[in-house]
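Trainee: Following the hints, put chain B in place on chain A, whose structure we already have.
Here is how the chains run, residue by residue.
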Amino acid sequence: MRREIPLFITSVVGLIFIVRFFIPHEPFFSLENVSASWIQVIKAFAIWLGILNLLKVSLDKIYKKEKGWGYAGIIIVSFLAISIAGFFFPLWENRPAGDSYIEHARKFQYPGTSFDWFYTYVYAPLSSTMFATLAFFIASASFRAFRARSFQATLLLLAGFVVMLGSVPVGNVLFGWLPQGWQISDVADWVRNVPQVAGQRAIQIGIALGIISTSLRLILGIERSHLGGEA
Amino acid sequence: MNFWEKFALLDRRIIFAFIFLALALPLFFTIHQPIPVSPEGRAYYESIENLPAGSKVLLSFDFDPPSSPELQPMAEATFKQLFTKNCKLVVIGLWPQGPQQAEKALASALKDPRFANKKLEYGADYANLGFMAGEDVVIQKMNSDIPSTFPSDYKGNATASLPIMKGVKNYKNFDFIINFSSGFPGTREWVQFCVDRSGSKMIAGNTAVQAPENYPYFRSGQLLGLLAGMKGAAEYETVSSQPGKGISFMGAQSVSHLIVMLFVILGNIAFFVSRRKR
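Which chain is which? The protein sequence lines are A and B, in order. Its first residue numbered 1, the first sequence is counted upward by one per residue in the working numbering. Its first residue numbered 1, the second sequence is counted upward by one per residue in the working numbering.
For reference, chain A alone in the conformation it holds in the complex (with noise of 0.2 Å):
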């Protein structure tokens, strides 16, 4: 039975949305909502198990003193401030004298809140620092991969010298004697539109196909590896 009540939810559920999209009359309309909502419920409870599995992970680093135990602390730490500052902080803030506390601590993210502090001086800066840093790696990455060491590298080597030099106003000022309608940022705009989109279309034709295939395997109880175990 642990087996194949789950087995036979994700069949019901799956044909549900398959015959909605075909005959979108109800009750499938109705039955679909009610998928969706649980499926959202789902959702909202496995964003819960991440931070607690994360919470746990870290706790366990710094319990064990594994390597890099420092930045787990730096994990929970952090995590305690924005909660602490979430939950509690707005109860606290420019209480207009008609809210209630609930009602008061729903505007956790407002303006000039502790979180929207938090969320505006550290979150955004960090987050935003740690993504430009591939600025650099690919500055690198770059320079040792972009090699003509064979006739599909040069291919690929132009068509990165054409698209990175045309998505910047750069390029028609260095490129600016080429006759009209041939400026680097056509040329770049073409690589974009014609062989980079055919490469995109296979792409998602060979993904839609594996995901109705797998999808089929899942309503049909052929594929059972979601369910832990041995597949």
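These are computed hints drawn from the structure, not numbers from a lab. There's no promise every hint is true.
As the list claims (entries may be wrong) - Calculated cross-link-like contacts (lysine-lysine; reagent style DSS-like; alpha-carbon spacing at most 27 Å):
1. A:K43 x B:K155
2. B:K155 x B:K169
3. B:K172 x B:K80
4. B:K169 x A:K43
5. B:K85 x B:K245
6. B:K6 x B:K56
Stated by the list, open to error - Label pairs and their in silico Cβ distance ranges:
7. A:A159 x B:R197: 33 to 39 Å
8. A:W69 x B:P163: 49 to 55 Å
9. A:I205 x B:K119: 48 to 54 Å
Ideal placement from N, C-alpha and C gives every residue a C-beta, glycine not left out.
Mentor: Chain B alone, transformed into the frame defined by chain A:
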């Protein structure tokens, strides 16, 4: 070992230093450069421009702060163009940080003197319904009932009580949809579950990394316009005559792209010289 052989083994920290200078120095100067507008960027602008005044528009903010340098400038400029057309705006977020990013873009647009005098009212002219967990399932569910998918807004008001939501049941009650996204769920899911099923008209702003996967949707007409990364933001600001962060950051991007290409060219010379010697 000659110069080129040494160059082929260049320490990456030297490249980092050049990139740092290429990104940082242009921020202190104004670099005037003509910005060519791509067909998809122009189509994005024209799609909004062709909307009838007072149209109801749904905007989904599906990104977080790491992508904000690319997406926030285009979001701010989009709000300004929509407010110019007196559009009624409903904002949602499928990423937890999306609605907060939307609030920041809205605040920036509302500071503009053109709209500050209009006294735009929350709930009647614009509303933020906040974040809803469920990713692509939320898009699917909104197809049948938006107020039940978002029972309350970002401020805790009942969605059904907002004047802007009067008569809104599903996507068919919106004239237009705009999505800003940097991953999953994002533009691809909006096209698949909203545009294809409800026939809604939609445009999108993507990060430069994500945009290539959505070009097929623009070519097929499922997306009416597409902005790609900071360059897309700069194009949109140019075509809509609203100079902002997108245009001002293009200087740094231009110089950094040039430096990267210079290193790639020199790296290839070094590669061929070293190979010939062997």
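Trainee: Against the structure shown, which of the earlier numbered hints fail to hold, in ascending order?
Mentor: 6
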